[in-house]
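Chemist: If you want the building blocks of each chain, they are given just below.
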Amino acid sequence: MKLRGLLSTAFAIAFGLIVLLGYFLEFQPFYGLRLIFVEWAVILAGFAVLVGLGNLVTVHIKKIRAREKGGFYGLLLIFSLLMTFLAGLAWGPEHPNMVLLFRTVQFPVEASLMALLTVSLAYASVRMLRRRLNLFSVVFLGTVLVILLGTASLPLLGDVPFVGDWVRPFVSQVIAGAGARGILIGVALGTLTTGLRVLLGADRPYGGK
Amino acid sequence: MTPLWLGLVGLVLVLVSGGAMLGLAVLRRKTPPTFREIAAFQRLQDAIGRAVEDGSRLHLSLGRGGLVSPQNASALAGLSALRRLASLTSASDNPPVATAGDAGLAMLSQETLYSAHLASLVTTAFDPTTGRLTGLTPFSYAAGALPILSDENISASILLGNFGPEVGLLTEADERQGMFTLAASDSLSAQAILYASAEELLIGEELFASGAYLNAGPLHKSSLIVQDWLRWLVIVALLLGFVLKLAGVL
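Protein sequence lines, in the order shown, are assigned to chains A and B. Using the numbering used here, read the first sequence as starting at 7 and increasing by one per residue. Using the numbering used here, read the second sequence as starting at 2 and increasing by one per residue.
Think of the hints as simulated: they come from the structure by calculation, not from any bench. Please note that a few of the clues may not be correct.
[Said to hold, decoys possible] Derived Cβ-Cβ restraints for the label pairs, each shown as a range:
#, chain 1, residue 1, chain 2, residue 2, range
1, B, R232, A, R138, 35 to 45 Å
2, A, F78, B, R177, 16 to 26 Å
3, A, S118, B, G11, 39 to 49 Å
4, B, Q178, A, G148, 43 to 53 Å
5, B, G242, A, I67, 57 to 67 Å
6, B, A92, A, A72, 45 to 55 Å
7, A, T124, B, V13, 23 to 33 Å
8, A, L59, B, A92, 29 to 39 Å
9, A, V111, B, Q178, 21 to 31 Å
10, A, L139, B, G242, 34 to 44 Å
11, B, D94, A, G185, 15 to 25 Å
12, B, Q178, A, L41, 41 to 51 Å
[Stated by the list, open to error] Below, in silico cross-link-like pairs of lysine to any residue (SDA-like), each with a Cα-Cα straight-line distance of 25 Å or less:
#, chain 1, residue 1, chain 2, residue 2
13, A, K68, B, L137
14, A, K68, A, E45
15, B, K31, B, F42
16, A, K8, A, L23
17, B, K246, A, G60
18, A, K75, B, L137
19, A, K68, B, D128
20, B, K31, B, V13
21, A, K75, B, G56
22, A, K75, B, K31
23, A, K8, B, D128
24, A, K75, A, L87
25, A, K75, B, G20
26, A, K68, B, L147
27, A, K8, A, G201
28, A, K75, A, L13
29, B, K246, B, G19
30, A, K8, B, V27
31, A, K75, A, G52
32, A, K68, B, T130
33, B, K246, B, P4
34, A, K8, B, P129
35, B, K31, B, A217
36, A, K68, B, F127
37, A, K75, B, F42
Please read all numbers here as calculations on a predicted model, not as lab measurements. Even glycine gets a Cβ: it sits at the ideal position worked out from N, Cα and C.
Start from the sequences, fold in the hints, and give me the full structure.
Modeler: Written out as structure tokens, the structure reads:
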């Protein structure tokens, strides 16, 4: 077990370093090796989808066997998954029937969830004022209202002058743009140190104690 | 194609940052650095204690940042937090349950939970279904995670990773179940939604500080200090750029 952990850590660090060098030094052999390793990772990620589906089916079979709440939905999920998988294998993903299946089942379901989310968010905004009533929450809600007013046309009134022409672009492109860049710079720095922790072997998501 | 000098500058910056992280981790082993208090982490510690005491479970949602996508760092931060949470709750009968919207991430969550299980020396068999793939599209991922929140005796839900607007459905479900929620994402749209809907929110790079605040190890703490140094470097570079632009050099 210890040997397995050591080996996986050594491999992860070695491959990670080569890919990192390939990003910064765009000449051979680093550049070529980087492309090969990233290609391997993409193939492995594709195979992981199959393993992940196996995990999904296992979870639901366990649920059905234990007669847990929602077991029937689990059965429905496995049935639909198998049917779609077999249809995909037989026809291929570009076949009109597969496209129809996506357009008539997957797309409407996801669109309904998006609609549900809109209602949830409107309710959450009101709840936020109850839970966290401070200046930032008020500014947040005020900005949301200003952007909405500046984006959508009002019934009878049409576009709101000044708000749509001046306030909304200023808020979204100058103030929000500056804040977003600040947040993204912070995220980029966090990304760098997280990657370094994996390269140094401090974080080992691939296993090992 | 990136010019060679720029690539070398980037590489040196990364290597120096890595060296500084290692050096600080060794030098400050006896006097660990202290960081500003973040109320969300304090409340998370309380929620972990409560979960162990009352035998309930923690749910950690890792989002849908693919391992070969640029968003994978947030998922790696989530996995690191998962490892720590699994260790902290090893005394409990119910290990945490992790959900992911990417198959590779789901596999890594199983591996992480398995490592924590081995390290805890508990005698019960490991349940591989504690790390789950709940869906491969944003909304199917959220829809697949919803029943877990209501049916599996979850007392606290931690959302750390790359999400989109669908995260609002998860926080709404948390709120309905009356459970503690801590959320953080690297995506701007998810952060805006979480600001309105999550009980406790981590903004921007605070997502990557979870390991340091959960005492995951000296390198987590030293990486936060290096992050601060790099932030100052960026500020100096921005100001320098501003001055040079004013002077007409750039």
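Chemist: Provide an ascending list of the numbers of those earlier hints which the structure does not satisfy.
Modeler: The structure conflicts with hints 1, 4, 6, 7, 11, 14, 17, 20, 22, 25, 28, 29, 31, 37, although it agrees with all the remaining ones.
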